[in-house]
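There are 2 protein chains.
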Amino acid sequence: MDTQRSGCPINLTLEVVGDKWSLLVVRDIIFGNRRHFRELLTKSEEGISSNILADRLKTMVEQGILTREDDPTHKQKGIYSLTEQGIELLPVLAQMAAWGFKHLPVSEELGIRAQLLSEGGPKMWAEFMDELRETHLGIKRRKRSKLTVGERLQAAYRNVLARKRKPA
Amino acid sequence: MDTQRSGCPINLTLEVVGDKWSLLVVRDIIFGNRRHFRELLTKSEEGISSNILADRLKTMVEQGILTREDDPTHKQKGIYSLTEQGIELLPVLAQMAAWGFKHLPVSEELGIRAQLLSEGGPKMWAEFMDELRETHLGIKRRKRSKLTVGERLQAAYRNVLARKRKPA
DNA sequence: GCAACCAGTTGTAAAATGCAATCAGTTGAG
DNA sequence: CTCAACTGATTGCATTTTACAACTGGTTGC
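Residue numbers (the numbering used here), protein chains in the order written: chain A, 4 to 171; chain B, 4 to 171.
Check each hint, because a few of them may be wrong.
As the list makes no split between identical chains, a pair holds if one copy fits it or if it spans any two.
When the alpha-carbon atoms are kept at most 25 Å apart in a straight line, the in silico DMTMM-like pairs for lysine to aspartate or glutamate are as follows [as the list claims (entries may be wrong)]:
{"no.": "1", "residue 1": "169", "residue 2": "22"}
{"no.": "2", "residue 1": "105", "residue 2": "65"}
{"no.": "3", "residue 1": "78", "residue 2": "154"}
{"no.": "4", "residue 1": "105", "residue 2": "22"}
{"no.": "5", "residue 1": "61", "residue 2": "22"}
{"no.": "6", "residue 1": "149", "residue 2": "137"}
{"no.": "7", "residue 1": "105", "residue 2": "87"}
{"no.": "8", "residue 1": "169", "residue 2": "72"}
{"no.": "9", "residue 1": "126", "residue 2": "58"}
{"no.": "10", "residue 1": "105", "residue 2": "137"}
{"no.": "11", "residue 1": "126", "residue 2": "22"}
{"no.": "12", "residue 1": "80", "residue 2": "130"}
For the record, the hints were derived by calculation from the structure and aren't laboratory data.
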């Protein structure tokens, strides 16, 4: 997709992240805290292939959604970070998650985070985005709650998994 | 896309509307009030081709996002309507529009609606969705303002166009 | 009767995607 | 120092999706 089809904001957004993988990569970075190529490749639910992942990471770096730095602990490793622009995709993901949760056959363990995020609303999203700004941009956040949104989502996810393994 | 990649709500949403055209069709139905095949085909900014449009309409009807009825005034015409599920894509579109408006080179006339919708926030979206429920589902809405959200967006769009044609 | 309009379908080329194998450099254990 | 495991990718090839133009069979209004 080289040529621009129109100056419509929805269309332009789709031209940048409107394929079947880009937003899943962003999702894994945001919700799964994946930062390395291998993590994104092997720990994804859907099994992205390495050439697609390499292409998407490259494209999203070019688009200003991600940045890539060298990992000081390993000469070959790169660390991918979200930019502010990337962090601001969270509300898009949250709305998509809410819609999918409501209308599609979502699995229980993968749906719990969508549910919490949907119930939490824009306020929770803003808090989560502040946490992401700290993690990815090094911007200290003011409001510090006991548990971060990220931690609460992870806890809920693990909780469902544990309950499913050992049903009452 | 027949097989499901995972039960993640974001992934499932992408599997349903995560291609480059489906959401543009929904956008034209919502914001452009297009209801017929030809309208969607010829009045779209991006120039969708007829086979893609036919396929997406068919798919979205199967998915429960749209319904198709015969037009009583013309034996060949079909009228496409949004379902509740389709109407609830509005927040997704609104967030994508807001993101595109903020971060991508959006044209002035096509950006004004995104701007207003972004400033209006979830309250305005809810009002707009009620209007869509009336138009597409025949559900009368309570709160009736002087101008509907749809009308206000259209007025703002025409305003920008007029200003651009005859600059001060 | 006929031109314009209606919702699509068909054929074919180009592009994107999926998959497995492979690559060259890095690291850490022995 | 050797070597297996790991790193971020790249390559080749089959399949799928998309793009573009022409076309179909039918309807409508003049």
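To see whether the hints hold, each was checked on the structure:
Proximity of residue 169 to residue 22 under the C-alpha cut-off of 25 Å is found in neither arrangement, the shortest distances being 38 Å within a copy and 39 Å between copies. For the identical chains of this complex, residue 105 and residue 65 are inter-copy neighbours only, at 17 Å across copies versus 34 Å inside a copy, given an alpha-carbon limit of 25 Å. In this assembly of identical chains, residue 78 and residue 154 lie within 25 Å of each other by CA distance neither inside one copy nor across copies; the values are 30 Å within and 58 Å between. Within a single copy, residue 105 and residue 22 get their C-alpha atoms as close as 22 Å, and across copies as close as 20 Å, so both meet the 25 Å cut-off.
Taking identical chains as interchangeable, the C-alpha atoms of residue 61 and residue 22 lie at most 25 Å apart whether they share a chain (14 Å) or sit on different chains (20 Å). Taking the closest pair of Cα atoms, residue 149 and residue 137 come within 25 Å of each other only inside a single copy of the chain (16 Å); across copies the shortest separation is 45 Å, beyond that limit. With identical chains, the CA atoms of residue 105 and residue 87 are at most 25 Å apart between copies only, with a shortest distance of 11 Å across copies and 28 Å within one. For a Cα distance limit of 25 Å, the shortest separation of residue 169 from residue 72 qualifies neither inside one copy, at 42 Å, nor across copies, at 49 Å.
For a Cα distance limit of 25 Å, the shortest separation of residue 126 from residue 58 qualifies neither inside one copy, at 34 Å, nor across copies, at 39 Å. Only between protomers do residue 105 and residue 137 lie at most 25 Å apart by alpha-carbon distance; the minimum there is 21 Å, versus 31 Å within a single protomer. In this homomeric assembly, residue 126 and residue 22 never come within 25 Å of each other (Cα to Cα): the closest approach is 28 Å inside a single copy and 29 Å across copies. In this assembly of identical chains, residue 80 and residue 130 lie within 25 Å of each other by CA distance neither inside one copy nor across copies; the values are 30 Å within and 49 Å between.
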